[in-house]
Amino acid sequence: MTDTMDAPARTGASNAEKGASRATGKPRTSWTAWWVAYAQAAPMALVFLLFFILPLLATFVVSFWNYTEYSIEPAFVTTNYQDVFYGCVARLPGLCTTFATYLSTLKFVAIVWAATLAIGFTIAYFLAFHVRTLPMQIALFMVCTIPFWTSNVIRMISWIPLLGRNGLVNEILLSIGLISSPLEWLLYSDFAVALALVHLYTLFMVVPIFNSMMRIDRSLIEAAYDGGASGWQTLTNVIIPLVKPGILIGSIFVITIVTGDYLTIGIMGGQQIASVGKVIQTQINFLQFPIAAANAIVLLAVVLLTIWGMLRLVDIRKEL
Amino acid sequence: MTDSRIKPAGVSRRTILKGSAALAGVAAAGKLSAFPTPAIAQEPVTLRYLSTAVNQSPAIAEKAGEELGINIEYIAVTTDDVAKRVITQPNSFDLVDTEYFALPKLLPSGNIMGLDASKIKLSDKIASVIRNGTVDGKKVGLDGTAPSEVLYLPAEQATEFAGEETGFLTLIPTTYNADTLGIRPDLIDGEVSSWASLLDPKFAGKAAILNIPSIGIMDAAMAIEARGDMTYGDKGNMTREEIDATIAALIEAKNNGQFRAFWTDFNESVNLMASGEVVIQSMWSPAVTAVRTQGIPCKYQPLKEGYRAWASGFGLPVTIGDREKDAAYEFINWFLSGWAGAHLAKQGYYPAVLETTKEAMEPYEWAYWFEGQPAEQDIHAPDGKLLEEAGAVRDGGSYDERMGAVACWNAVMDENIYMIRKWNEFIAA
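Protein chains in written order, with my numbering: chain A, 6 to 325; chain B, 29 to 457.
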């Protein structure tokens with residue numbers, strides 16, 4: 006097991022050496038023509054160019070255009086960005102729509118990140134260190150992915166009959182006499198949104214952390230025990246530092262998805278909770294493409310800044 | 029990738045074109061009939077019919093195929109997407125069924141053209157509420173984008189409305205109706221008789237409104253005016269001050285926990301009502317029917333301030349081909365001739381031409397749906413499902429009572445952009 010896991014890492018290292026030797030002008034160790042690597046990367050690069058870079062550029066350009074009810078006109082105006090941040094300075098210390106929306110999103114990001122990390126880490130730890138055999142590990146890992154066989158909208162909506170005013174949870178609590186009137190905050194509330202988000206996205210935390218844990222050389226753990234470390238010390242001094250890249254990758258997944266999510270927040274929050282995505286959707290529905298584009302660019306900037314900040318915490322390239 | 033033979037010399041413009049053409053080909057596989065070939069001209073003409081799913085009855089397409097030999101191909105999208113598609117992709121459909129309130133947005137885009145009244149046999153029989161805003165000779169409320177104000181064009185191709193009756197119509201009505209609040213009578217104590225109930229703290233945590241800003245704000249305005257807080261110049265075309273005051277009142281209600289949820293999709297409103305999460309909300313007529321067919325009591329409560337009405341109709345894109353244009357006129361004439369109107373009337377909508385609809389319905393059905401009389405026999409939906417048992421009376425009564433009590437029409441305001449910004453503020457509050 007350890008051998009197979011190490012193999013790709015070694016190849017990675019030798020690749021890096023290759024690159025280094027080319028840069029310093031040492032004799033090449035590979036006889037492949039220089040353009041082959043570019044040709045191999047070209048299909049993916051082309052797909053990215055066509056379906057990612059170009060639309061993104063178009064969005065950026067359109068965010069400076071003018072619009073009316075029925076048309077968008079090429080121009081260079083910053084009014085869209087001013088509209089996005091309308092009242093944000095004037096209304097301080099009160100919150101403008103954009104700040105209030107991002108603050109609400111940030112709250113969900115924090116809750117969901119903490120919850121998925123705790124749950125995801127625990128599941129991954131169990132799978133990697135408590136389950137002894139590889140077939141069993143694979144089988145249990147597959148079990149974790151089963152919910153993903155249905156669409157996430159269905160997984161989300163299935164909470165509604167459970168949490169509703171006349172839902173299963175309320176009926177059970179009422180019948181065993183724990184409460185005398187139905188709990189209203191179970192559905193269409195912050196709680197419901199956080200619950201659904203954690204349910205939907207925990208796996209994004211499990212997978213990278215599990216992957217990192219499987220790469221840990223077991224002899225390191227043995228060495229820790231031999232050196233007299235307690236279980237807790239091993240966890241905090243050996244395992245957590247080594248799975249940091251996995252935690253980081255999982256965190257990037259969860260944080261970026263939650264920041265852009267509007268479907269879950271819409272459905273589970275009864276559309277009463279604002280999200281940036283919903284604001285953009287409303288604007289697009291009313292054909293206000295330029296201001297929607299400006300909002301999208303602001304959202305992108307926020308997400309990129311978050312990722313940039315996180316990458317500064319862990320040097321992911323070195324760790325991988 | 030379909031073309032992996034990328035030459036070392038670099039990617040030429042030609043390979044990119046070839047690659048993207050191949051991709052497009054994969055995406056549009058089977059749509060090759062768009063290429064004009066002589067053989068296709070002999071085949072039955074296909075009309076691509078763009079509208080919301082609610083208006084697209086498979087039975088109508090089937091009947092039109094039988095009687096006219098026209099192949100109706102439905103393109104189902106949401107209300108907002110209909111308008112978006114007309115403006116951004118006018119050549120992706122041959123016939124559009126859209127709401128009159130979208131016209132002030134659609135017409136200036138120059139993408140739809142007027143219908144020649146002389147080619148529509150029953151054009152002078154179109155219901156008076158659409159033609160001149162009267163029911164039984166009496167004027168109804170015309171706040172908002174009333175169809176009578178946007179019905180005529182000075183010429184076939186125009187980007188502004190004609191102020192008077194002309195020979196060119198923007199849209200030929202398909203369906204229209206008067207909307208009001210839906211309630212769960214079994215979960216509500218006492219009577220509901222005013223729009224003010226929507227914001228009544230008695231229903232705190234059990235009310236819902238639409239999260240479609242242009243319609244939601246009008247429902248709110250009906251409630252605020254009914255409560256006596258303020259009066260509007262035109263609820264369908266508010267001033268900035270009126271928008272500010274309305275949104276402020278909504279935010280106050282939201283912070284006091286008045287609303288259980290907001291909805292955008294027809295089915296969401298059905299679920300909210302059927303599950304008892306919500307006992308009072310602004311609703312659409314077929315949604316009330318859908319709740320009732322589940323065996324759950326739901327009433328489309330007439331209110332003393334009147335109804336918020338809407339109307340939808342057929343329009344033609346300027347890019348339409350000659351064959352399709354002829355077929356579209358033929359289809360519209362058939363649509364007004366009775367069967368289709370009766371089919372839709374049995375779902376609770378009102379049809380463009382009342383006379384032909386009456387002929388196509390059973391007398392007891394007409395009496396129930398249009399005259400406000402108790403049903404002599406069980407009332408069935410077009411698909412055969414039982415809607416009402418004998419003896420039931422339609423909520424709100426007869427056509428004249430319901431359409432005659434219209435207070436305002438769905439609208440797009442002049443201050444629409446400002447209104448949407450304020451609406452987003454309300455959602456974020």
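Rather than coming from a laboratory, the hints here were simulated on the basis of the structure.
Hints may be right or wrong, so weigh each one.
Said to hold, decoys possible - Away from chain B, derived, C-beta distances all over 12 Å, residues of chain A: (1) F104; (2) I226; (3) S280; (4) I296.
To be verified - 20 Å max Cα-Cα, derived SDA-like pairs, lysine to any residue: (5) B:K450 - A:R96; (6) B:K282 - A:I272; (7) B:K450 - A:I289; (8) B:K450 - A:A105; (9) A:K112 - A:T311; (10) B:K327 - B:E219; (11) B:K327 - B:N295; (12) B:K230 - A:I272; (13) B:K112 - A:P79; (14) B:K112 - A:A63; (15) B:K112 - A:R96; (16) B:K167 - B:L382; (17) B:K327 - B:G424; (18) A:K112 - A:I262; (19) B:K112 - A:S76; (20) B:K167 - B:G424; (21) B:K450 - A:L108; (22) B:K332 - B:K450; (23) B:K450 - A:T73; (24) B:K450 - A:Y86; (25) B:K230 - A:R96; (26) B:K230 - B:D257; (27) B:K112 - A:E78; (28) B:K167 - B:K147.
Stated by the list, open to error - Covered by chain B, according to a simulated footprint, are these stretches of chain A (three or more residues, beta-carbon under 8 Å): (29) 55-65; (30) 72-78; (31) 188-200.
Just so it is clear, CB atoms sit at the ideal spot from N, CA and C, and this is done for glycine as well.
Against the structure, the hints:
1. For A:F104, the condition that its CB be more than 12 Å from all CB atoms of chain B is violated, with the nearest at approximately 9 Å.
2. Listed as a non-interface residue, A:I226 keeps its Cβ farther than 12 Å from every Cβ of chain B; the least gap is roughly 44 Å.
3. At roughly 9 Å from the closest C-beta of chain B, the C-beta of A:S280 falls inside 12 Å, breaking its exclusion from the interface.
4. At roughly 8 Å, the least C-beta separation between A:I296 and chain B is not larger than 12 Å, which violates its mark as non-interface.
5. With a C-alpha separation of about 14 Å, the suggested pairing of B:K450 with A:R96 holds against the 20 Å cut-off.
6. This hinted pair checks out: B:K282 and A:I272 have alpha carbons roughly 17 Å apart, not beyond 20 Å.
7. For the hint linking B:K450 to A:I289, the alpha-carbon distance of about 16 Å falls within 20 Å, and the restraint holds.
8. For the given pair, B:K450 sits about 13 Å from A:A105 by alpha-carbon distance, which is consistent with the 20 Å threshold.
9. Note on A:K112 and A:T311: the hinted pairing holds, with a Cα-Cα distance of about 14 Å set against a maximum of 20 Å.
10. Simply put, B:K327 and B:E219 have alpha-carbon atoms about 12 Å apart, close enough for the 20 Å limit, and the pair holds.
11. For the proposed pair B:K327 and B:N295, the alpha carbon gap of about 17 Å is at most 20 Å, so the pair holds.
12. Using a Cα cut-off of 20 Å, the hinted pair B:K230 and A:I272 is violated, with the two alpha carbons roughly 25 Å apart.
13. Using a Cα cut-off of 20 Å, the hinted pair B:K112 and A:P79 holds, with the two alpha carbons roughly 19 Å apart.
14. At roughly 18 Å between alpha-carbon atoms, B:K112 and A:A63 fall within 20 Å of each other, so this suggested pair holds.
15. For the hint linking B:K112 to A:R96, the alpha-carbon distance of about 34 Å lies beyond 20 Å, and the restraint is violated.
16. At roughly 18 Å between alpha-carbon atoms, B:K167 and B:L382 fall within 20 Å of each other, so this suggested pair holds.
17. Pair hint B:K327 plus B:G424 holds up; C-alpha atoms about 10 Å apart against a cutoff of 20 Å.
18. Between A:K112 and A:I262 the CA atoms are separated by roughly 14 Å; this keeps the pair inside 20 Å, and the hint holds.
19. For the suggested pair B:K112 and A:S76, the alpha carbons sit about 10 Å apart, so the restraint of at most 20 Å is met.
20. Among the hinted pairs, B:K167 with B:G424 is consistent with the structure: their alpha-carbon atoms are about 18 Å apart, no more than 20 Å.
21. As the CA atoms of B:K450 and A:L108 are separated by approximately 18 Å, the hinted pair is consistent with the 20 Å bound.
22. Only pairs whose Cα atoms come within 20 Å are accepted, and B:K332 paired with B:K450 is rejected, the gap being roughly 29 Å.
23. For the hint linking B:K450 to A:T73, the alpha-carbon distance of about 17 Å falls within 20 Å, and the restraint holds.
24. A C-alpha spacing of about 16 Å is found between B:K450 and A:Y86, which places the hinted pair at or below 20 Å, so the restraint holds.
25. Using a Cα cut-off of 20 Å, the hinted pair B:K230 and A:R96 is violated, with the two alpha carbons roughly 33 Å apart.
26. At most 20 Å may separate the alpha-carbon atoms for a hinted pair to count; B:K230 and B:D257 meet this at roughly 18 Å.
27. Of the supplied pair hints, the one linking B:K112 and A:E78 holds, its CA atoms being roughly 16 Å apart against a limit of 20 Å.
28. Between B:K167 and B:K147 the CA atoms are separated by roughly 28 Å; this puts the pair beyond 20 Å, and the hint is violated.
29. Using a Cβ-Cβ cut-off of 8 Å, 1 residues of the region 55-65 of chain A lie near chain B, which falls short of the minimum of three, so the contact claim is violated.
30. Given a C-beta distance limit of less than 8 Å, the hint that chain B covers the region 72-78 of chain A holds, as 4 residues qualify and 3 suffice.
31. Counting residues of the region 188-200 of chain A whose beta carbon lies closer than 8 Å to any beta carbon of chain B gives 3, which meets the minimum of three for the stated coverage.
Consistency note: the structure conflicts with the earlier hints numbered 1, 3, 4, 12, 15, 22, 25, 28 and 29.
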